[in-house]
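Protein sequences, first through last, are from chains Z and P. Residue 66 in numbering that gives the first Met the number 0 sits at position 67 of the first sequence, and the numbers go up by one each step. Residue 20 in numbering that gives the first Met the number 0 sits at position 21 of the second sequence, and the numbers go up by one each step.
Hints are computed from structural coordinates only; laboratory data are not their basis. Take every hint as true, because none was put in to throw you off.
Taking lysine-lysine and the DSSO-like style, the derived pairs with C-alpha atoms no more than 27 angstroms apart in a straight line are: (1) Z:LYS85 <-> Z:LYS104; (2) Z:LYS85 <-> P:LYS79; (3) P:LYS64 <-> Z:LYS104; (4) Z:LYS85 <-> P:LYS113; (5) P:LYS112 <-> Z:LYS85; (6) P:LYS64 <-> Z:LYS70; (7) Z:LYS75 <-> P:LYS64; (8) Z:LYS77 <-> P:LYS64; (9) Z:LYS75 <-> P:LYS54; (10) Z:LYS104 <-> Z:LYS62; (11) P:LYS112 <-> Z:LYS104; (12) Z:LYS77 <-> P:LYS79; (13) P:LYS112 <-> P:LYS79; (14) P:LYS54 <-> Z:LYS73; (15) P:LYS113 <-> Z:LYS104; (16) P:LYS64 <-> Z:LYS73; (17) Z:LYS77 <-> P:LYS54.
Only some residues are given here: those of chain Z computed to face chain P with a beta carbon under 7 angstroms: (18) LEU52; (19) PRO55; (20) LEU56; (21) LYS77; (22) LYS85; (23) LYS95; (24) TYR100.
Ideal Cβ positions, reconstructed from N, Cα and C, are used throughout, including at glycine.
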Amino acid sequence: MCMLHLTTGRVGCLLSKQVVVALTSSGARMSSHGHHEVSDSVDMSQPMYWDRLDTPLPDRPWKDVLDSTDKSLKQKEKGPWTALSKEEKIALYRLKFNHTYPEMKRPSHEWKTVIGGMFIFFGITGLVVFWQGHYVYPPQPHTFGEEWQAKQVQRMLDMQINPIEGFSAQWDYKNKQWK
Amino acid sequence: MRNWGGRVVPFNWRHTVYGYVQICYTPLAQRCYSHGGKPESDEEFDARWVTYFNKADIDAWELRKGMNTLIGYDLVPEPKILEAALRACRRLNDLASAMRILEAVKDKSGPHKKIYPYLIQELRPTLDELGISTPEELGMD
Chain Z
0 MCMLHLTTGR VGCLLSKQVV VALTSSGARM SSHGHHEVSD SVDMSQPMYW
50 DRLDTPLPDR PWKDVLDSTD KSLKQKEKGP WTALSKEEKI ALYRLKFNHT
100 YPEMKRPSHE WKTVIGGMFI FFGITGLVVF WQGHYVYPPQ PHTFGEEWQA
150 KQVQRMLDMQ INPIEGFSAQ WDYKNKQWK
Chain P
0 MRNWGGRVVP FNWRHTVYGY VQICYTPLAQ RCYSHGGKPE SDEEFDARWV
50 TYFNKADIDA WELRKGMNTL IGYDLVPEPK ILEAALRACR RLNDLASAMR
100 ILEAVKDKSG PHKKIYPYLI QELRPTLDEL GISTPEELGM D
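Please take these sequences and the hints and turn them into a complete structure.
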């Protein structure tokens, strides 16, 4: 399921990749499930289908409303499986299961949504911060000015602030410059 | 792993939580025991599961329950257990579940790519006898 509230630019196809099978399904398959879902909620009193890597065999088959071709295939399944063609075997699998394991494990594109959303928020925050700096903050104290700062540094050197390891230690008093 | 007649035969695969395959040459006491007593050996574990799936009149629920439980364990099942499970699928006329079981054990092997080919190698006689195609043969991988 998509955890993120998506911005308008990224909705749609990304959501469809995260569909929980028992809740929704592609339109073509709706009728073959035999669900009677008036609302979006699942009837938990009925056996459910699921695609889970750790639980391979769900309580009910994917397609439980079989048409006549499916029924005849199921009859054929009762005989020797060596008599089944590849297509029939695939069809039998698809009757019982929705996604194969590789399909379950397919990578989603969710990370793009996440990173993109992250950057959008950074951008918006950046704009807010910039606007704030311009419109909200009071003027800087006068002690931040170039002239004042220069005088401050000179005073600190005159007082020999941290003369051994720190500030004044970096000043070469003989040659009147930074070391 | 032993090399035996050109085929590589791991004696016993155990897939621990951190993804290291522990290869045991002696029966290791690894199974849990709920109320004291000797821990179950690997052979006992395997035998128990083979018996479970070999039940002649196993029903679909029992097959599902058994497989789902087995896949929940922290191990890849031995070929003999899988063979019993596949034969149970045959008795239940359920080819799709047989294929699903193969997919599930491949997934259980995780990063250890050699386990699944080994299992298929061991199960090949059963697969041919019952007419079960692997997902790879059907292009479903």
